[in-house]
Amino acid sequence: MANNPDEFRCQISQQTPIPLQLDFSCQGGEILAIVGPSGGGKTSLLRMLAGLSQPQEGEISLGEEVWFDSEKHLCLSPQQRHIGYVPQHFGLFPRLTALENVLAGLDHLPKSQRREHGLTWLQRVGLGDYGHRLPRQLSGGQKQRVALARALSREPKVLLLDEPFSALDVQTRDGLYQHLIQLIDELAIPIILVTHDIQEAFLLADKMLLLHQGKMLQSGAPAEIWAKPVNELVARQMGHKNILPVECIGLTQSDAEFSLAGQTLRLPSATGIELGTQFGCIFNQASLRLMPLEVNQLGDTAEHWLWVRVIQVRVIAGAVRVELMLEQSECMLELILEPGLNLEFGLPGSRLLNIQPNQRRQLAVDPWRLILIPS
Amino acid sequence: MANNPDEFRCQISQQTPIPLQLDFSCQGGEILAIVGPSGGGKTSLLRMLAGLSQPQEGEISLGEEVWFDSEKHLCLSPQQRHIGYVPQHFGLFPRLTALENVLAGLDHLPKSQRREHGLTWLQRVGLGDYGHRLPRQLSGGQKQRVALARALSREPKVLLLDEPFSALDVQTRDGLYQHLIQLIDELAIPIILVTHDIQEAFLLADKMLLLHQGKMLQSGAPAEIWAKPVNELVARQMGHKNILPVECIGLTQSDAEFSLAGQTLRLPSATGIELGTQFGCIFNQASLRLMPLEVNQLGDTAEHWLWVRVIQVRVIAGAVRVELMLEQSECMLELILEPGLNLEFGLPGSRLLNIQPNQRRQLAVDPWRLILIPS
Amino acid sequence: NDKGPLIAAAANVKLVLDKIIADYHNDTGANVRVSYGSSGNFVAQIQQGAPYELILSADEFYVNKLAALGLIQGQGRIYAIGRLALVAPHHSPMSLDADLHGLKQLLATGGLTHFAIANPKHAPYGERAVEVLTASGNWPQIKHKLILGENVSQALQFALSGSTQGGIVALSLAQHAEFKEHGRYIALPETWHQPLKQRMALIKHASIQAKDFYEYLLLPSTQQTFTEFGFAAAVTGDN
Amino acid sequence: MDWQAFWLSIKLSSMTVVILIPLAMFAAKFFAYHDFKAKPWLEALVMVPLVLPPTVVGYYLLVGLGSQSLVGQWLATYLGTSLVFNFSGLVLASVLINIPFALQPIQRAFEAIPMDVRDAALCCGMSPWARLYKIELPMVWPGVLTAIVLCFSHVLGEFGVVLMLGGNIAGETKTLSIAIYDSVQAFDLAAAGSMSLFLLVFAVSVLALTSHLSRRMVAANGQ
Amino acid sequence: MDWQAFWLSIKLSSMTVVILIPLAMFAAKFFAYHDFKAKPWLEALVMVPLVLPPTVVGYYLLVGLGSQSLVGQWLATYLGTSLVFNFSGLVLASVLINIPFALQPIQRAFEAIPMDVRDAALCCGMSPWARLYKIELPMVWPGVLTAIVLCFSHVLGEFGVVLMLGGNIAGETKTLSIAIYDSVQAFDLAAAGSMSLFLLVFAVSVLALTSHLSRRMVAANGQ
Ligand SMILES: Nc1ncnc2c1ncn2[C@@H]1O[C@H](COP(=O)(O)OP(=O)(O)OP(=O)(O)O)[C@@H](O)[C@H]1O
Ligand SMILES: Nc1ncnc2c1ncn2[C@@H]1O[C@H](COP(=O)(O)OP(=O)(O)OP(=O)(O)O)[C@@H](O)[C@H]1O
Ligand code: MOO
Ligand SMILES: [Mg+2]
Ligand SMILES: [Mg+2]
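Here the protein sequences come in this chain order: A, B, C, D and E.
In terms of the numbering used here, the numbers along the first sequence are unbroken and rise by one, the last being 385.
In terms of the numbering used here, the numbers along the second sequence are unbroken and rise by one, the last being 385.
In terms of the numbering used here, the numbers along the third sequence are unbroken and rise by one, the last being 250.
In terms of the numbering used here, the numbers along the fourth sequence are unbroken and rise by one, the last being 272.
In terms of the numbering used here, the numbers along the fifth sequence are unbroken and rise by one, the last being 272.
Don't read these hints as lab results, they were simulated from the structure.
There could be a bad hint or two in this list.
Here are the simulated DSSO-like pairs of lysine-lysine, each with C-alpha atoms no more than 27 Å apart in a straight line [said to hold, decoys possible]:
#1 E:Lys183 / A:Lys167
#2 B:Lys238 / B:Lys225
#3 E:Lys60 / C:Lys156
#4 C:Lys30 / C:Lys222
#5 C:Lys132 / C:Lys115
#6 A:Lys251 / B:Lys225
#7 E:Lys60 / C:Lys132
#8 B:Lys225 / B:Lys251
#9 C:Lys76 / C:Lys222
#10 D:Lys60 / C:Lys14
#11 D:Lys60 / B:Lys167
Derived, one-sided and incomplete: chain E residues facing chain A with beta-carbon distance under 10 Å [to be verified]:
#12 Lys60
#13 Met164
#14 Val166
#15 Asp168
#16 Ala170
#17 Cys173
#18 Leu181
#19 Ile184
#20 Leu186
#21 Met188
#22 Ala219
#23 Gly220
So the derived label-pair ranges between C-beta atoms look like this [claimed, not checked]:
#24 B:Pro27 / E:Ser254: 30 to 40 Å
#25 E:Leu145 / D:Phe79: 54 to 64 Å
#26 B:Gln123 / A:Thr287: 39 to 49 Å
#27 D:Pro163 / B:Pro29: 21 to 31 Å
For every residue, glycine included, the Cβ atom is placed at its ideal position computed from N, Cα and C.
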């Protein structure tokens, strides 16, 4: 194996206690985000990477250093792997203060430097004044930050983060993102980040891996996965909302006609589309535009537009969230109306647009922006 | 006190062990979201509402029923309050199975109905097949859902939720939102929801309360708080990013001139603006539009536009995140470019727009959309 | 009550008494129950209303104490006279003689490290053992080598454990079959010490059956049994 | 083999455990969750039965409960009963001297229940009894098991207090451990040896079985 | 008051605790974290010293360690020493018979350390010693304290084994508890009473102080 000097490689498979089948790598200086539904096996995977449990088969290595090899019956202990690990439930040492918790990971530093280094990291996570507190005297988010400081401060060879920001507010979170990015600039180590927050993954991760029931459903750059999810589950995990079933009912050289709950849509044709095939169609925000109340503006031939009924309108951060139902069906669509995007450019707020529950509206669809996925 | 039949009122104050000063109410059928920075006192507050600790002074009541009254030395026990509580760290009973955990809260039901009711709720949170598992055999998100099922299933008089969705993926979360909304329709009880997710608060909450160091900084409808945050801390907690310091340097009847890092902005005048006053100015997404590369398009008089330099470009879910720096300053601005919003309507992706790091660009500002906050 | 009256008896008469009780049952068909223990404990227990009807003490002291407390009928009777024996485990370099010359010699050569007796503070046999050691002139040299048993039975266990070179215990125990496997013994003359008068007494509320057994113990045939087991006969006339 | 003594020992051990453990659980829970000035002193006082030689403890119990004592006289007058030289006295004594073995491990187990679980239990609306039975007992079970094992074994082996307070009456107060002691004293080493061996094999089997079953029980629902 | 006996008791108790507790910690940790077929049996075997009457245990120890025994002969030949009728023998015996009191509570405490804390400790790169000292010891401390308190008290009060193996030699093997026993047997109730009282007051004070200090210590850094 002629690996990159600090490429982290993992190729494991097992059937019990839970099935797992994975093969991925992460370069030094890269962040790999692992996402997937609750119970998918993310924590189980991280514990294996940390050396806290052993897969049945496979190999885990960092550069030239083999951490685990089922064939050679080789398995380095967590100590030997020198990792930084933030467990999902923090795993703080209950009888040590916050500072002592951080210092507990710094045994590799000369004694004289430990304290200062630990304090620096406590300050970075915003807990400079809480060094003397015991875990039970800290709030949930404060605990999580101590665990984070403990893992980041020890200059690990690989960083394993299990939903490390889940208990934190936006503001604190943003500050910590910066420290994480700074750390990766300094150390250029591989970072494996388990997260449920897609925004977070987009912001931080270079690569992303979708884990479901122990299987890798998809991996690649976050934007790629977002733009080309392999199936509906991936799409939903990536935050796509409006996934409706469509069926190809007509095919020309350039166009394909789809039926959607009784209405018809004309989309650009593409390879793989055959007459009668069923797809999931993602109507993402950028592809939809709610038309003003004056009906029939788009003409009566339904080609790039749909008839919908307004179900609910709710103002959310700087925008309006509208729930629509396709006419003559149960299909729901969610639309976040930001001024200028799905509406004509103007002032925000549903009042000004006069969107009211039960209205019948036309919804323009930009066919180029729709995403088709196998159903 | 002639209260609403199921109005939940809380008016408490204390200095130790941590300072808390709150006064709020929540109607039956309403969701009150409590947000605020980590360590702000949210969990401490919820424990008081549950009867697990006592504030030094104040009164807590539900309709006519007084739960706590420091003057009358009255304090109902948690049992007497009949609440549903999801603690931040779940507090599952480690020796009981998932189903038994749920059943533990159903002592008020006739014995024959308990099991069925418990199973129904386990199914609702997506754990129908996990009833026989012990907590230590569940993943983080599965544990959280058991805790949720335990609290929701017991038809409580008030529901106290401490970040009940923090360990869950988008998809699972969305499903649970529906169940929560359904529950509130059935029971019409007050629900207090602590959360760090502003989107969640917007989606679910009727009212919102911002807690910082034990004090209520602001309360009201989420959209109101978003649109008129009383200070920078609130603004940041609401997810506002681009908050820059401006100073009023000129004042006419209709307009006010502000200096921002050496550049000048002309905004509509308003009450409370005086010459020399300093403000924080929120440049939210809807107020900014990045102009195409051809410079000087807006003319040389800087009235409603700023000179910026592109620092970083990153593709995120269906959009592009651009980091900009105001010329001749350290002020950073973050811009989420969605097609048609901050850009001229067109295809997404930074490549197409040709946004590159280090470019000098013009940024158009819509003065009507800016938010000024006291600094 | 066919189980018979309850008797408290000093541990050092266990061997002989078990035999006598068997004989008694054969002779009369009657039963008695017996509880072995330390005489001192019995006094404390009888004071607190223990259901004993007869006490066979290891000496006179405790019976006299009970008499002073008015808990027994009269003064009781001496039922046996205890005798002492010098014992040594088989491997011991000590030669046994009734004059304790062997002991003296061993002490002189420093070959004696431990010597077992019962605790003289509360065990009569221990008290008499000290008298013997003093009278034979061995006391100053031996007093730091003493291992004290809780009672004379434990002293014998010490002596047999192999970790002592010998000890002074009750002849009745030293004669025991079990002992012969482990060591040798020689009876010590009764003149070396005050007589070990073992006194018994009927408790105040004692039943007819208890009194019957009390009488049985004083029969010549029974007294003969006592001598077979290493006691000197007690019933010679004086109370 | 003195079967009578053996069964008496088993009866005494079992009754002691059955009486002591529930009481200890309440006391342990109280000690675990309440704090007051005198607590360290009370906790230390509970250790007293361990600090004195058993025979001496037995002696003081005898004097304190015997027919000459106030307690003894009251018992005799009003209940027509007595606590010395009979089985109920032994049970009382065994319960008293085993308090430290029962209390300490259970108290530690209660103290170790995490705060959030206690909170959740309080908020579940169960009656205190249901809470104790359903939630707390399964959690403190390892501590309770330790207490049971220590008490059971200790009663089997205890003879000082039993001898003093009970008086070695066959069928009533003569336990197997007294029988073994007697045999050793009477140089019946063969009998002592066989009874000791039997007691050991019995006790070790019972304890191993208990620990095995309890492990399986706990494993069946978890740990 | 027999001061010599008192100091001997203190010395014996302290040495027993000092020797036994560290050993028990290793054994307890091993038992807590490993599972194997023979484990219930081993755990039960450890209880053996409790099941037999102390005097009988003492007798078997005396025979097993005495100068005629293999062990005794080996000790005498190669080390020129002996374990009967002297202080080191008492220490050995005390350590042996207190194993159940030391092992059980500490084992439970180790078992109660949550999985995620153990995981985190493993991932922190500390040496096993540092881990034991910094992380585990503070967490199992309540269990260790229970073990110390039980062992310390039990050694103070134990006299059966001590008497049998030690032989009641003043200044060498005559502990206070034997002295008290002797006084009671000799009907010197005044001496017995005053010594008992002194021992009780002393023990209760020491235990209360220990529990108080340890509470403060733990409170200073937490619980
Ligand atoms: N037992 C305690 N002793 C002293 N201070 C405590 C204790 N428990 C919590 N605190 C402090 O009280 C403050 C409020 O804690 P609380 O848990 O209520 O915060 P929170 O708003 O729930 O935070 P988070 O969002 O991180 O969960 C924190 O600063 C915390 O450090
Ligand atoms: N000790 C165990 N015994 C049996 N099954 C287990 C055990 N621990 C976890 N599991 C199961 O393994 C699966 C994967 O769990 P894991 O904790 O890895 O999920 P996860 O992806 O981290 O989920 P989450 O996002 O909810 O934390 C889950 O279905 C869980 O129920
Ligand atoms: O009372 Mo004894 O049996 O002389 O030691
Ligand atoms: Mg997980
Ligand atoms: Mg909290």
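Hint by hint, here is what the structure shows:
Using a Cα cut-off of 27 Å, the hinted pair Lys183 (chain E) and Lys167 (chain A) holds, with the two alpha carbons roughly 24 Å apart. Between the alpha carbons of Lys238 (chain B) and Lys225 (chain B) the distance comes to roughly 18 Å, so the proposed pair stays at or under 27 Å and holds. Of the supplied pair hints, the one linking Lys60 (chain E) and Lys156 (chain C) holds, its CA atoms being roughly 22 Å apart against a limit of 27 Å. Pair hint Lys30 (chain C) plus Lys222 (chain C) holds up; C-alpha atoms about 19 Å apart against a cutoff of 27 Å.
Between Lys132 (chain C) and Lys115 (chain C) the alpha-carbon distance is near 24 Å, which keeps this suggested pair within the 27 Å criterion. For the hint pairing Lys251 (chain A) with Lys225 (chain B), the CA-to-CA distance comes to about 37 Å; that exceeds 27 Å, so the pair is violated. With a CA separation close to 25 Å, the supplied pair Lys60 (chain E) and Lys132 (chain C) stays within the 27 Å bound. For the suggested pair Lys225 (chain B) and Lys251 (chain B), the alpha carbons sit about 23 Å apart, so the restraint of at most 27 Å is met.
At most 27 Å may separate the alpha-carbon atoms for a hinted pair to count; Lys76 (chain C) and Lys222 (chain C) meet this at roughly 20 Å. Only pairs whose Cα atoms come within 27 Å are accepted, and Lys60 (chain D) paired with Lys14 (chain C) is accepted, the gap being roughly 22 Å. Distance check on the hinted pair: Lys60 (chain D) and Lys167 (chain B) sit about 51 Å apart at the alpha-carbon level, beyond 27 Å; violated. Look at Lys60 (chain E): its Cβ only gets to about 32 Å from chain A, farther than 10 Å, so that hint breaks.
Of the supplied interface hints, the one on Met164 (chain E) holds, with its beta-carbon coming within about 9 Å of a beta-carbon of chain A, less than 10 Å. Because the beta carbon of Val166 (chain E) sits about 5 Å from the nearest beta carbon in chain A, less than 10 Å, this interface hint is met. Interface hint status for Asp168 (chain E): upheld, as the beta-carbon distance to the closest one in chain A is roughly 5 Å, under 10 Å. Because the smallest distance between the Cβ of Ala170 (chain E) and any Cβ of chain A comes to about 7 Å, under 10 Å, the interface hint for this residue holds.
The interface hint given for Cys173 (chain E) holds, since its Cβ lies 5 Å from the closest Cβ of chain A, which is under the 10 Å cut-off. For Leu181 (chain E), the shortest C-beta to C-beta distance to chain A is roughly 13 Å, which exceeds 10 Å, and the interface hint is violated. Contact between Ile184 (chain E) and chain A, as hinted, is supported at the beta carbon level, the nearest pair being about 5 Å apart and thus within 10 Å. For the restraint placing Leu186 (chain E) at the interface with chain A, the shortest Cβ-Cβ distance is roughly 9 Å, inside the 10 Å limit, so the hint holds.
A least Cβ separation of about 6 Å between Met188 (chain E) and chain A falls short of the 10 Å threshold, and the interface hint therefore holds. At a threshold of 10 Å, the smallest CB-CB gap from Ala219 (chain E) to chain A is about 45 Å, leaving the interface hint violated. Taking 10 Å as the C-beta contact cut-off toward chain A, the hint placing Gly220 (chain E) at the interface is violated, the least distance being around 43 Å. A hinted range of 30 to 40 Å for the beta carbons of Pro27 (chain B) and Ser254 (chain E) is consistent with their spacing of about 33 Å.
At about 35 Å, the CB distance of Leu145 (chain E) to Phe79 (chain D) disagrees with the hint of 54 to 64 Å. In this structure the supplied range 39 to 49 Å holds for Gln123 (chain B) paired with Thr287 (chain A), their Cβ-Cβ distance being about 47 Å. At roughly 26 Å, the beta-carbon separation of Pro163 (chain D) and Pro29 (chain B) lies within the given 21 to 31 Å, and the hint holds.
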